[in-house]
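Enquirer: Now that you have both chains on their own, put them together as the hints suggest.
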Amino acid sequence: MVKHDSRQQGAWRAPLGAALVTLAAMAIVACGGSGSSSASRTATAASIGKGEGKLNVIAWEGYTDPKWVKPFEQQTGCQVNAKYAGSSDEMVTLMRQGGGSQYDLVSASGDASLRLIRGGDVQAVNVNLIPDWVNFIPQLKSPPHNTVGGKHYGVSLQWGPNSLLYDTSKVTPAPTSWSVIYDPRYRGRITVPDNPIQIADAALYLSKHQPSLGISDPYELTASQLDAAKQLLKQQRPLIKKYWALASDEIDLFRNGDAVVGAAWPYQTNTLQADKAPVKDMIPSEGATGWADTWMLSAHAQHPNCAYQWMRWVSTPKVQAQQALSFGETPANTTACPFMDQIEKGSCARYHANAPASYFDSIRFWKTPTTDCGNGRNDCVDYGAWQQAWTEVKG
Amino acid sequence: MSAEATVRRAPRGGLRGRASAVLFRRAWLRAVLLLSAPGAWFVLIYLAALAILFVSAFWRVDGFTGKLVHAWNVDNFRQLVENPTYRTIALRTIGIAAAVTVTDALLAIPFAYFAARLASRRLQAVLFVIVLVPLWTSYLVRVYAWRLILAKDGIVNWALHGIGLGSVDVAYSNWAMWIVFSYIWLPFMILPVWVAFERVPASFLEASADLGARARTTFRRVLLPLVLPGVVAGSIFTFSLTLGDFITPTLVGGAGSDFIGNVVYRNVGIASNVPFAAAFATIPLLVMAVYLAIARRLGAFEAL
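Chains F and H are the protein sequences, given in the same order. Just so we're aligned: the first sequence equals residues 3 to 397 in the working numbering. Just so we're aligned: the second sequence equals residues 29 to 332 in the working numbering.
Excised from the complex, chain H in its bound form (with noise of 0.2 Å):
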């Protein structure tokens, strides 16, 4: 679309010149230099994963010496369907990344509309700053402190104890893993739907109340649709960061708390049957490409 802005000029003389002729000629070739090496990359390094990723799952691990067997079969498929508790973990790991992803954008909706439409610019600075001070610090670290906010003797139970509501035995639970995800994730809901306030034209709410629309209505039929693309952004976020995470269930997660990702961790990194984990790895494949699609027929892609 620049092609019509410029001004054409005389070609310089020397390599260079003729260099940026060709160039400016052959739109094929500029893309071609600028698309190897992240094209490379992503061909290489990223989709090449993947495949060796599916492919692997195939294979097998000979137990005595714990090489991999080339050999083609479908038994770790078969086991993932067949044994009830893989079952149960991918659907605990789907159910707390659905509940998380939800809690976040409840929380995020009125905060966010609060940033982006009522306060003011210097308020809008410090809510900016708030909401990334987390990531400022290290994830291990904030999991761990919510370990003691959680825990039998710790802040949560010393505060309901202190006004006299007794106390709270959520620590090392689904709960728990439920409250550190919903945090750890919350910046990320926040963003998108904070700049999806933003950029909602003021025009179309006084339009909306010219029409003799009350806030509710403006804010339900007005505002939330121009904002839905904002939370559906956040909440590929939310999903897919809870649904592949391993470190937060190993650290506040009790007796049954195993996600997807502890089982492949273990496979890989301790039992290195590497099949398997990969077998199971496919599971939140599949489950995010589902996640897209729906999104996708929402509408949410339609302007990317």
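The shape of chain F in the complex, shown without the other chains (with noise of 0.2 Å):
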């Protein structure tokens, strides 16, 4: 070969191989599990067996935490697994992936409970074998999101609203209504969940000032009915600054200034008025749409003994209120209350653990959008309609 040659084919190899070994060097391997799926439905069971030694969840991080598993392991033997899910429908993937016998429990959000049902991914649970069940709060007992038919579906564990949060110092006078996440004043400086279930938030405002739509309940809606609420998002969209993902992420827009007024959960309030941010919460004029969690049993649970046995250690009062506390949400129990005020002074009427019913009935929980409306009708469009039109809003 003659010199000059391997200098010029020189000059196309040594670039590519140096960024190969670049990009190797990042490379990012990423391996996926399957499991076997020996399916065992049993029945209804009527009284808790020996612990199988091991329990795997599906969970909202930070539901696991070890302040309440690390006992729990200790007095009955399972070893709980948790695998953290993101969205409440990554939940549901999960729960069916593997022929559905990886995971013995899912603490789903009520827009992923009745999708759960309907697949008969979950089996009913028997209320008798949590001695707690008792003293939840009487909506949470057998909540439409987890009870289908007289069965129960699982154990409803904590709820919370989807309030309005606005920064104090830049949103004068203070709102009333939802209107001010619509009002262009706020251009560029509003936020709300990055969420196909916030299409619910829009509905419940429209029912209210467009009665003309015939909206009454905002899961459940028909396409003219949704189409009125994507208009709505879609004009909104120009004002949004960022539709976020993750609690950390609307608290680090109020905190850093790039959005004054949102939809949040109290956490994210929670947190900014610990680091001293001038906001505030409140429940608009219109309602607020809210989630409740529901611990539910997988159809074909591997290790049913732990999942009952775990399902009653965290309806227990003590259980309930350091989990209310360390996520930011509202305990099903009741009798929760003094055991939250003993680790937080004040955190009982904080998180509205006392409020009366009329507080709680001012929230329309989040629910699974289905054909059927409610009313024998079932002209009402599910909820893969309203994941397209959630990327539609957004696009």
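Since the hints were derived computationally from the structure, they do not count as laboratory data. Treat the numbers as computed from the prediction; the structure is a model and nothing was measured.
Each computed EDC-like pair below joins lysine to aspartate or glutamate, with the alpha-carbon atoms no more than 20 Å apart: (1) H:K95 - F:E92; (2) F:K236 - F:D185; (3) F:K236 - H:E110; (4) H:K95 - F:D384; (5) F:K172 - H:D181; (6) F:K320 - F:D343; (7) F:K172 - H:D197; (8) F:K278 - H:D181.
Expert: Shown next, in the form of structure tokens:
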């Protein structure tokens, strides 16, 4: 070979080589697991047997804190393996993976629970085996998002509102209506969750401000009602700074002055207020949407006894109080109130754990949109259409 | 080519000796032994995954049970074509990938020229480390850092305010994505261009000067054409890495900043609509195929 030629070749090879080496240095290997699918559908348990020594759960991050997992493991000998999910939709996907026998329990929110029930992914639970169930607030004993045809598909856990969060130094006068998040005055300073279920917030707003649309339940929308909500959200889009995906995103937005008003969970409000940020949250006059979580038992649970022991454990007032305060939500068990105040003075009232029924009733809890309109008609749009609509709103 | 150079030795005795003799005589056997493992990997893991991806794009998901239905249809592609949202998202993705590539090339060429041809050996080592340092920390950490830098009450606005220039509102926007992507993929452009500059023999430049060319002409007509392969090599990485990303849009993007990857991620991990995700994921594949074809047209692969 002539020297001259080799140089010209090298001019090509070397840069590609260098780039490849750099790329290799950053290569990310992702691996996925697959599980066996040995299905074992059990009838509703009559008693809790001996623990199987293991428990696999899908949970929201923070729901399996060592504070209450460690004592549970010591007492029952059930080793808890938690898989954190980032969204309701991910929870549903995980529960269906590998024939549905990989996980025993899931801490499903109301927008996922009906999907799991209808899909046959979860089984009925005998609430008589959960002694603390009688102490739950009445609305969460048999809520429509986890109780179908009189059968309990799980045990309620915690709940909270999607409240209106605002910066008291920038938003004046103090808002009383959700209209503030559709107000061009706050263009580029508004943030709302990046979640298709957010369409329900728009529907709730429309149900009060455009009664002619005939929206009675923000989760049961006909195609034309969904279009109206989509239209409102599309008008809102240019006003949005960011659709937040993680609670920490919204905290950053408020802390750094990028957002001054938005829809939030009490967790964000509490974190920001603890940082001395000038923020407040409230339930506007239209009411608010909210979430209520349920521990649901997989239809193919491999460790049902440990699962029942867990549901019993997390329903006890002390654990309920611990979890409520570590995550920033309200316990389903009304007897948790004194324990909350014991951990953090005044926290029971701050999280509305002792609020009257009217507070709870002002909240429309998440449930999965289905074609069933709840009035015998079947012309509502299902969750798939909601997801599509959300993509179009954001696109 | 090494065959002629190897000195023929008498075959050694024993099994090992015989095996090596057999291998020496049969080139195809050597090739089979060397390529069987990577070949199997390539076919089973790499090509099969791509094939399944493409095939599943023609299936659909039962909305009620969430199960995959193996019924052949082109609904997913029809939806992609008919719904203007997906066109917007695809064009945004390609547009920003192109903008990032051009920006990185414009930043990398002068830097690499200085590093390769003007800097002293010591300075070269320092520059090399500076280029690579960002790769030592997590991608996520760097993106989050940019979030703080660009925030409304962040460093950029603090500095602008300090020198009396008011403030800019780039946080959580497509501008923020462009800045962050350009920063993150810059090393992948600098390194190939740097090596390309280094490979140009000094004698070429002397010859050009001897023939009366000025510095600018030499740069334009001698240096740049010889370095172009390096720029194209780097652009393949900056372009394809931006095209496939979905984390940066999630973290620093604004209200209308979804990439193809975000829609794919939502459909796989969240909505569990793998067929639609597969259909959308074929778009970056096609774009890259076209991009590589153009790169080849430019004469980029001839020496490979």
